[in-house]
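Novice: One letter stands for each residue in the lines below.
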Amino acid sequence: MKKNFSIFLPFLLFIGIISCKTEDSVFEQTSNERINASLAEYQKQLVGAEYGWKGAIYPGTGSVYSFYFKFNDQNRVIMYSDFDKETAVTAKESSYLVKALQSPSLIFDTYSYLHLLADPEGSVNGGVYGEGLISDFEFSFGADTLNNGTLTLTGTKNKTRLVLTKASQEESVAYGNGGLAKSLLFSNIDLYPIYFKRVTIGGVTYEINVNTTARTVTLSWLEGTTAKSFTTEYYYSSTGVAFITPFVNGGLTLNSLTNLTWDASKLSLGFTAGTANVTVVGAAKPLIVDVAAPKRFRQFVIDKGSYWISETGFTVSGKEDYFGITKIPDFYYMLFFPDIASSQGTTYDAFTAYDQTNLMGPAVVPSYTSDGRIIFSILGTYGTNTLMNTTVAEQIEDASGYYLVQTSPIRYDMVSAKDAKTWISWWYPF
Amino acid sequence: MKKRFIFFNCFAVLGFALVLQSCKEEDLGDVETISGLNRPAPVQTSIDKWIADSLTTPYNIAVNYKWDQFEFTDISKTLVPPKEEMVIPFSQVVRRAWIAPYVEQAGIVFFNKYSPKLFVLSGSAQYQYQSKVLGQAEGGRKIIVFDINNFKVKGMNGYVPSDSVVVKEGIRTLQHEFGHILHQNIMYPVEFKRVSEGLFQGVNWLNLSDAEALADGFVTPYASSKYDDDFVETIAILLTEGKDGYTRLVNSVQEGASLNGTSKADAQAKLRRKEALVVNYFKTAWGVDFYSLQAKCRAEFVKLI
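Those sequence lines, one after another, are chains A and B.
Residue 1634, in this note's numbering, is where the first sequence stops; the numbers in between run on with no holes.
Residue 291, in this note's numbering, is where the second sequence stops; the numbers in between run on with no holes.
Chain A on its own, in the form it takes in the complex (with noise of 0.2 angstroms):
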């Protein structure tokens, strides 16, 4: 133990007269010269690029958005997003800043279309009050970004990852041309008056189902007899719906869809697909059904003793909240509540509207088909609410039943198996 010490003793003694001594840098710029210098490199960078960057930033409430930014010397950034219909085809300018916080930072001093996301008014963006999308619009500059075509940069307070990479000429006249705008058209295929959509590329026939609000795109198909599915996080480009993931099934890959088109008169969407122009089809039903699903969607919030809720009601023919079911003074939403109580021996379900105090609407018993579907009959009513005792009862107890399709795992859709027109989108949001 004694020999230990007489090891440190020396090392401290060392350290004693390092701290003495004046200090000569090892560097032969002082530390805010070679700060000053790198943030000079990456100004130059950002102004240099001829044609702007292309950016995509992946906020902390999940999806990518798209952005094009061209930076000038004078503290100015002109921009484009795919962020809605309106900020893909107006050029916003505002202010920006290079500067050195922890580590060399560039930030978005005024409002600009960056700043959407992180608005902390959900009103802007549809994110939670206080929080927004939880985004950035201040970023340090990773480490080793100089010099190869791409600047990856990181949120300061949310860690936000934005990706910047160098635009060309094509790219930057086709922002200027509302590129954007074009690719945008993509987001129409929620106009489509039925739920089930289909495409056929390379001889094979998808099923394509998209969340606009998060930016998903799922693909299924069958193999033979085996339903394989595919998902994918996408954003707009100047020339069409980018990939996060790209999409390999055998020969074919597609990392974008491109050429996008809308007819609206015909309310049909096209696009080019690799290189088959394809146009989306309706249909009636699933190519795939999940015989399971409606079982499954019970059981999930039976197990919570909880419910299922619908903020808009059923769309029908792709109008959202056709029989107007919102309009019902204080209307708080719709329920599904499963095995809610029992009468006489038979246990039924709630599908009903809800204001806060009082359920109004039918009490259902469900049955299920082998082809998967689930299909209600009506037991009784809860209130005297016409609208939803008459008419939306009516749509409820259907005798072809509904399809159910699970989009995320808290989220499904209850499809009319009638003709895939009328729908019901229900989540669990507690």
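The hints are simulated quantities; they were obtained by calculation from the structure and are not laboratory data.
Quick caveat, the model's predicted, so the values are computed rather than measured.
Among the clues, some could well be false.
Partial list, computed: chain A residues near chain B (C-beta under 8 angstroms) [stated by the list, open to error]:
(1) D1313
(2) V1495
(3) A1496
Away from chain A, derived, C-beta distances all over 12 angstroms, residues of chain B [as the list claims (entries may be wrong)]:
(4) A27
(5) L41
(6) R81
(7) G109
(8) A111
(9) Q112
(10) Y115
(11) G125
(12) K140
(13) N171
(14) G231
(15) G242
(16) V265
(17) S278
(18) K289
Positions of the beta carbon are idealized from the N, C-alpha and C atoms, including for glycine.
Dock chain B against chain A, hints included.
Specialist: Quick look at chain B alone, frame taken from chain A:
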């Protein structure tokens, strides 16, 4: 035991060295090496020039509208910078509805001496529980104004009459924060604290409606949170509502007793007593004719809605 002894010796030597160093006279050295100096300043915009000409030169007031996280007290909050097109309209309102009446009434020396020297603007409100924070004053020097992006005055694109609420809240925030600065320099008389003794709500003010607060003799729910805020809310309401508006407010106290047992007559007496104390405070502490100031503030405010 011996081990520890050696250790102590080592520390003693180090300690001695430290003492020696700290006694040494220090040379400032090469200031060029201080980090953060000699950075190129951002290019001035027309907004920067407007602020310099209209606020900084005459009143020594700076307006930081570009994002700087560390100007905001609570860095855990999510905020965004203001929209550029909102900066000048908002600053104009600051000048017309707050600076001009004070300068006219109390003189530029008074105003420039006590006015906060820095405005920091946030585009969004600061969300706190279920409420929005609209303003914050710091040490008499800085006022943070939130929610600039939703600010609208008459004549601005998209202004509708109901936006007058937003204008009123914005100006009230300024008057409120300046009120804090005034009492942080010269404290208001202790009588003011006694007027509503026992009725203060603390953080529970959030659960009060306007009518409930008024029934206890508070001009707003927030006034019931603590003494200082009662004082400055009273100032702010008096200045934005005007003399007649305040009378209307006093007359609108609900019939019957409040939840805390304050009678209508008592609540009204409290409101009038607070008014009198504020008027008296401005006279004795600052030599300012409050009613004249009130008339000027109200007149400017009316022009904005």
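Novice: Against each hint, give a clear statement of whether it holds in the structure.
Specialist: Outcome of the hint check:
Evaluation of the D1313 of chain A hint against chain B yields a held restraint, the C-beta minimum of about 4 angstroms falling below 8 angstroms. Of the supplied interface hints, the one on V1495 of chain A is violated, with its beta-carbon coming no nearer than about 44 angstroms to a beta-carbon of chain B, more than 8 angstroms. Nearest Cβ of chain B to the Cβ of A1496 of chain A: about 41 angstroms, over the 8 angstroms cut. The hint is violated. Under the 12 angstroms C-beta cut-off, the non-interface status given to A27 of chain B relative to chain A is violated; the minimum distance is some 9 angstroms.
The beta carbon of L41 of chain B sits about 18 angstroms from the closest Cβ of chain A, which is more than 12 angstroms, so the claim that it is off the interface holds. With a cut of 12 angstroms on Cβ distances, R81 of chain B stays outside the contact zone with chain A, its closest approach being about 21 angstroms. Against chain A, the non-interface label of G109 of chain B is violated: not every CB pair exceeds 12 angstroms, the least being about 5 angstroms. A cut-off of 12 angstroms between C-beta atoms contradicts the statement that A111 of chain B is not in contact with chain A; the least separation is 7 angstroms.
The claim that Q112 of chain B is not at the interface with chain A is violated, since a C-beta of that chain comes within 12 angstroms of its own (minimum 8 angstroms). The non-interface label for Y115 of chain B is inconsistent with chain A: the shortest C-beta to C-beta separation is roughly 9 angstroms, within 12 angstroms. Separation of G125 of chain B from chain A is adequate, the least Cβ-Cβ distance of about 24 angstroms exceeding the 12 angstroms criterion. For K140 of chain B, the condition that its CB be more than 12 angstroms from all CB atoms of chain A holds, with the nearest at approximately 23 angstroms.
Residue-level check passed: N171 of chain B sits 33 angstroms from the nearest beta carbon of chain A, beyond 12 angstroms. With a minimum CB-CB distance of about 30 angstroms to chain A, G231 of chain B clears the 12 angstroms threshold, and the non-interface call stands. No Cβ of chain A approaches the Cβ of G242 of chain B within 12 angstroms, the least distance being about 28 angstroms, so the stated non-interface status holds. Listed as outside the interface, V265 of chain B is consistent with that label: its C-beta sits roughly 39 angstroms from the nearest C-beta of chain A, beyond the 12 angstroms cut-off.
Interface exclusion of S278 of chain B from chain A stands, the closest Cβ pair being 39 angstroms apart, more than 12 angstroms. At the 12 angstroms boundary, the C-beta of K289 of chain B stays outside the reach of chain A, the nearest C-beta of that chain being 27 angstroms off.
Going through the hint list in order, the structure does not satisfy hints 2, 3, 4, 7, 8, 9, 10.
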